[in-house]
Amino acid sequence: MKALFYPGCSMQKNARPYLDSLLAIRADIDLELQEIDDWNCCGATEYMSVHRVAAHSLIGRNLALAQQQASDSDVLTAGCSACYLNLAKTDAQMREDAHLNATVNEALAAGGLAYQPGSLKVRHLLDVVCHDIGYAAIKARVVKPLHGLKVAAYYGCQVARPDYDGRWDCHEHPTAMDQLLRALGAEPVEWSLKTQCCGGHMSVIGPEVAFGLIRRLIHGATQAGADLVATLCPMCQLNLDAYQVEMNKHFHSDYQMPVLYFTQLMGLAFGKNAGELGIGKEFVDAAPALAKIQAEAPKVAEAKRKRRPKPSDGLPPPRME
Amino acid sequence: MSDSFEPVIIGFTCNWCSYRAADHAGMTRTQYPPNARLIRLMCSGRLDPTFVLKALADGADGVLIAGCHPGECHYLEQNYKALRRHRLLQRTLAQFGIEPERVRLAWASAAEGVKFAAEISEMVEEVRKLGPLNWPARPRPLATVPADIPVLSEVAA
Amino acid sequence: MSKPKFAMYWASACGGCEIAVLNTDEKVLELDANFDVAFWPAAMDVKYQEVEAMEDASLLVTLFNGAIRTDENEHMAHLLRRKSKILVAFGSCANEGCIPGLANLSTREDLFERAYSGPSTENPEHLRPQTIWRAPEGVLTLTPLQPVVRTLDQVVEVDYHVPGCPPESRQIAVVLDLLIAVVNGAAELPPKGAVLGAGESTVCDECPRSRDVKRLTKLSRIQELPSLDTTTCLLEQGLMCSGPATRSGCDSRCPNVGAPCIGCYGAAPGVLDQGARLMTAIASVVDEKEPEAIDRVLDGLPDPAGTFYRFSLAHSLLRANRAALAETP
Amino acid sequence: MSAAAVSVSGPKDFLSEVMAGTPGDNRLNHCIQCGSCGGSCPSGAEMEHTPRRLFALIQAGQRETVLKSNAPWYCVSCYYCTVRCPQNIHITDVMYTLKAMAIRAGLYHDAAMPGFSETFVDYVEKYGRSFELGLATRFNLRHHPLSLAGMAPLGLGMLKRGRMDLTPHRIAGMAQLSAILDKAKALEGATP
Amino acid sequence: MTSQQERVGVYVCHCGSNIAGVVDVESVVKFAAEELKDRGVVLARDYTFMCSVAGQELIEQDIREQGLTRVVVAACSPHLHEKTFRGACERAGLNPYLAEMASIREHVAWVHSGHAAATAKAKSIVSGTVERVLKNEALDAIKVPIDAATLVVGGGIAGLQAALEVAEAGYEVYLIEREASLGGHMAQFDKTFPTLDCAACILTPKMASAGSHPKIHLFTWSEVEKVEGFVGNYTVSVKKKPRYIDEDVCTGCGICVEKCPVLVVDDNFEAGIGYRKAIYWPFAQAVPNLPVLDPDTCTYFIGAKTKDKGGCKACEIFCPTVPNSILFGQKEERVTLKVGNIILATGWELFNARRIPQYGYGRLANVFSNLELERMCNAAGPTGGKIVLRDGQTAPKAVGIVHCVGSRDRNYNPYCSAICCMQSLKLAHLVKERSGAEVYNFYIDIRTPGKDYDEFYQRVIDEGVHFVRGKVADVSDVPLGPGEESGKLYIQVEDTLAGLQRRIPVDMVVLASGLEPRHDSAEVGKTFGISCSTNGWFIEKHAKLDPIATMTDGVFVAGCAQGPKDIPASVAQGAAAAARVLSYIRQGELALEPVRASVVEEQCSGCRLCNGLCPYNAISFVEERRVSEINAALCQGCGTCVAACPAGAIQGSGYSNEQLFAQIEGLLREVRHETEVV
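Protein chains in written order, with the working numbering: chain A, 1 to 321; chain B, 1001 to 1157; chain C, 2001 to 2329; chain D, 3001 to 3192; chain E, 4001 to 4678.
So that you can see chain A by itself, here it is in the shape it has in the complex (with noise of 0.2 Å):
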């Protein structure tokens, strides 16, 4: 499928290797990118705290690009969770409110732009890959299955909320990405911190609270017998990882949790060699985790058994249903 495709300033430099993963994996998935020509930053959740009309019209810009430059699709597609939800926001919010998509409209005029609300599909990279590439595509392509390796998925904050257009299952779990994880071969891992926050920007401005923060997901994936954490977006890659080593120093404790960007399983999965695939980049090295990975698939059937229950055995399970 083909893709309008706004990288994001991350993933120009600190998320290259979620990049480099992606376009290492584009071909296999027959997923054909159009990168808009002379983007310019989101604002993060920045611009918006200074300037709300000119946030969203710096957006705007993007969306106006992404509209003239559109040649066969409609669909938008950011790697970048703050991005994808910002470019998600203004569109929403400027077809809500038609005081804002006048006085957008007008500034990017000033700039020889337009951009009509609800004419691009705004879609994050997930979103795409689980919903329009789907798993079974995806499944067909596997060379070398991550057999063995226990994942915690990890969505974060803004791909999941507030989901202006309905995009997925669950506000608070969501489970694309551990069906994606499961067509990889890999096993994904339950576990209640799905979509909790890596910290965002407190990392930087309020470090203590960020820590607090980081501690509690990357011991929630220890506690859930993850080998690594999968994400989709640079800002939860770079806390959980990077910050990772300062939040060690800080409590004194020594997790080792990798994180990955799930394009990067893909392209294992894929058959791809880890340094096009941007792997060795991370601070928390992925070596050993990677090494877990079987070539035999493990035998779980056995165990999962249906049997009639006992009421010995305590109380019926709970169940999802």
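Note that these hints are calculated values from the structure, not bench results.
As the structure is a prediction and not an experimental result, all values here were calculated from the model.
Here a beta-carbon is modelled for each residue, glycine too, at the ideal position from N, C-alpha and C.
Treat each hint with caution, since some may be false.
[Stated by the list, open to error] 27 Å max Cα-Cα, derived DSSO-like pairs, lysine-lysine: (1) C/K2289 x B/K1115; (2) D/K3126 x A/K13; (3) C/K2192 x C/K2003; (4) E/K4226 x E/K4241.
[To be verified] Coverage of chain E stretches by chain B, computed from C-beta distances (three or more under 8 Å per stretch; other residues unrestricted): (5) 4066–4079; (6) 4118–4129; (7) 4527–4540; (8) 4632–4639; (9) 4657–4663.
Place chains B, C, D and E on chain A using the hints.
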């Protein structure tokens, strides 16, 4: 002139919801402009487009049709009939040059006095902006030729 | 030799009403036998001045067909009212404005624009008819067009109404029989304002097609249907049929041959506004609940005012488009 | 009663100002003080006032206390409060509104928080892209000069892994972007 | 014209200063007397309180002495006093339907403050009402006979109460219950608040007397499929689902249940924390005392479906009765009943807490629903009344009870479920009493507005239960910092009174899930011709003055089907519904408002456009005469068909076109242009 223009609105209300919403507005002393005069029907489904046409032709500047919220009709689903009639009526009225704001469909439950008052306030303002409808009177037929009518052959000369 | 006087006049109309009277075959001879035809421009040569010269109320009955569109129409309505004991609005135009009345949805300017400079007109100099024109031969005059079409009863008092476009010849014969009977003392005049030559119900009453509960999910034009069932209700087949809201009396001529009723006999007895009745009936049976879905069905009716008021616009509650009415003095 | 508890402006004014400045169907006046926002907030424990308390203060017209609060600056935009709010108040968006109002009014007692945002904005307005190295150094130099040394290894690590640029990237359409942002700010100033 | 012959009296009420404070009453009277004289107004008066005895006598006297033929009372809303003034007319010998009210209090004085504008509006309303009343017709109330048999739908406490009251009065009752036993939700509870008496002790005697009452005909495991007819004369079609048990033979010995080897989770009565067999008792004290076989889990049925052969059949093999009580071949049955009135007591369903993922229900083992805990507390429940964690053994040391789960929350249900506060207090008491655990209640507001309810709250506080005011943000099994212990559930909450963020470690979390309407309430409503509110509860006729009846005559509601309520309120409403039914039965026949539609046959063309418009199926087509016909007893008077008839052949009494056209003209009197002369 338009400063002093006070639109006259005829409101058709349902006995079970919107008429009671108007009662409720009263009980809660919710103020709204005095431009609307209400007619009680048993249901918005009783709303015959003829009533709307007649009200407009007889001097009303706007007509409000208020029923129970969709799915809450006291007669199960008759308010949907009002909805359908309103949509077709609007299309027809447009051809007569009558602005859509002049015939408003609103939903208000018996407990929504405030909403009902707000609907009226909004509508009065919208119609005030449009100005008077002032539909010209129907001509009154004359039994005999007025004395001063010139003879046809003279007109031609 | 003192036969009562009969007149028939043709105002703004197509002339179909005149033909319909002649179509009554030998009934015309009976008319001639019982009446002195004093004025009937379509059938015989009587000068206008002769009518003017008649004593007031010297015509027993005048069948007035056609709408009031021009100053001349209005003048003749007044004149014939004064000269007639019984003035009959004859045919749809005189009663309801009929097809000429549809012009009420446009202003005169729009009409001239469409007629004299429209896409099908070759008129590079944008010539327009003038009411007064100085020609080498002298001054030519043309009666001015009034802003909106009116019905006869909006101009003068009317005694009886005979609906139809045109009235069915069979029904005209009934009316003539009644008049003759009255003249011969064999019958009394019906109460003033009565509708003559029509039924008391609607077209469906006479329509032989089978019918069921109605649920409209799509409205089509006849040419859009792959085939037409010859025995079931046309409305149920998705065709906009005006029969349910149109006065009976025509023996459901159109539906009989597979064409939907277009409503020429006007509103049913006691109905104030025929278009509103059609509108409410059609909207009521649209089988949808969501506004968008309702709209999809209604999109099958591209010209609702023109459809519902095809014959009765000039006589309806609103009568005309606001811009056209605004020009009325 | 302390002086701070006396409302200066009419209580309704401030509430409607905040509501008007926040897009969408804002139901701030419907807050039932349940605290699901504060409880859900990752940095709630560090806030001087939780969103819940802020909303009560807004209703009470305590403009200065609200705008001076560190709470909006600690908001990480995780949107938990927004999706969990039983009254569907767009809490995260309200925080953005409060931040912008605080900057405009010059009402904050820790300049570090708005400083970070403003530094970020400066780079974006100059280059059209963010510049992490510049942002981190400038911000820390200005507001946390002591911690700069502590953060150095992280920065070096980033550079070593090729994950940080030494120079900013400037977009080609900088003039166009400036024109848009200038216009937007002018319009924003004009908005009541 | 009629207006010339009619003699209209106009009465303008001051309502103390309620009306007179805003509307210039005298000016309105003068307007009616002078300006409306040519419309037939022969006298106009004002009075301080028209609704008072003296005010009514004024009207009666004028009717007698001045020969009034029409009456207009400009006062409050007709919903308040229409009956009052109609009564006055009737006493003076004037048909009550020749009186009309003009609402100048609710619609004028109370909502407008400008005196001039309010007075002008009052005049136009009076003018409209005068024009309308001139077109009113004398009407007679419609009389229908009442069949004494009564249908009660739902065998919970509300339905039981209603059924027993009607049966005790000596009339036949058909009691329909969807489940296999009477009892409803109350049968699942252990204790009832605030008295803490045992639910079973007070419920089972009622179930037993309903089961054995000679006037009560019980249909359990049955559902109503179709309802036709109208008040006094309903025909009800009931579907009896197969139990696969011969009800006439089975003695209820229970050997079949004992021998059945299949054990499955009981999501119904045990709320998912206990087991049952494939053939099972609904519960121990079930009425009727018969087991039921679940074909979805029975080995024989599964076998028969998949492999064309049965299997097991242990129940049949061990059944001691002759003939055998197990009937694998039993089929659905349909029964037709004739009744005069219907009481709907279809109850409620529990909010599914899985919809709030942050509370972990269904995912975290020791998060339970309040209904699960009710079963756990119940001595006859799966744990024998012991409070234990999911392992079935460990007693919790700390338990958190989360209030308002799915209630008072616009993401789920905006309404207050009314009973959860008291239920949570009761569960807090029971947990503390049985396990000694520390119990925390997390609440937004504690609502205890019942007799002895707040006293119970005080008692629970005295027992040492903790109360934290704050809506719980989430429940997590992951510690936040190194200081927190693993293996606990952490309740994250803002303590809004202390102004603190708190994380409270507990072993068990109980979610006070709210009440929801039955999932199929809209369809059930449709079957019985009544409607549901946006939230799905059945709508009563009047929220305050008639919370028992519905918009459909002869259909009454009782219990939680109408809205969340506790046991005493359900019982009271059940009894009240019975009283209403008995009143109807004793009247023998019923007078209905004569607002009805009728077809003028001469004008009806039989186009059948109206046929599908009536939700009560009051319109039928008479093939032989090719006309449509309206059954006056079925017609509810909404007027939709009147408005829709293309031929103008349907007339609506009480709201005729003539009345409404006249009212429009009257309302627009001062702005109206000269009207058409025809």
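Taking the hints in turn, this is what the structure says about them:
no.	hint	result
1	C/K2289 x B/K1115	holds, 23 Å
2	D/K3126 x A/K13	holds, 19 Å
3	C/K2192 x C/K2003	holds, 23 Å
4	E/K4226 x E/K4241	holds, 15 Å
5	4066–4079	holds (count 3)
6	4118–4129	holds (count 6)
7	4527–4540	holds (count 6)
8	4632–4639	holds (count 4)
9	4657–4663	holds (count 4)
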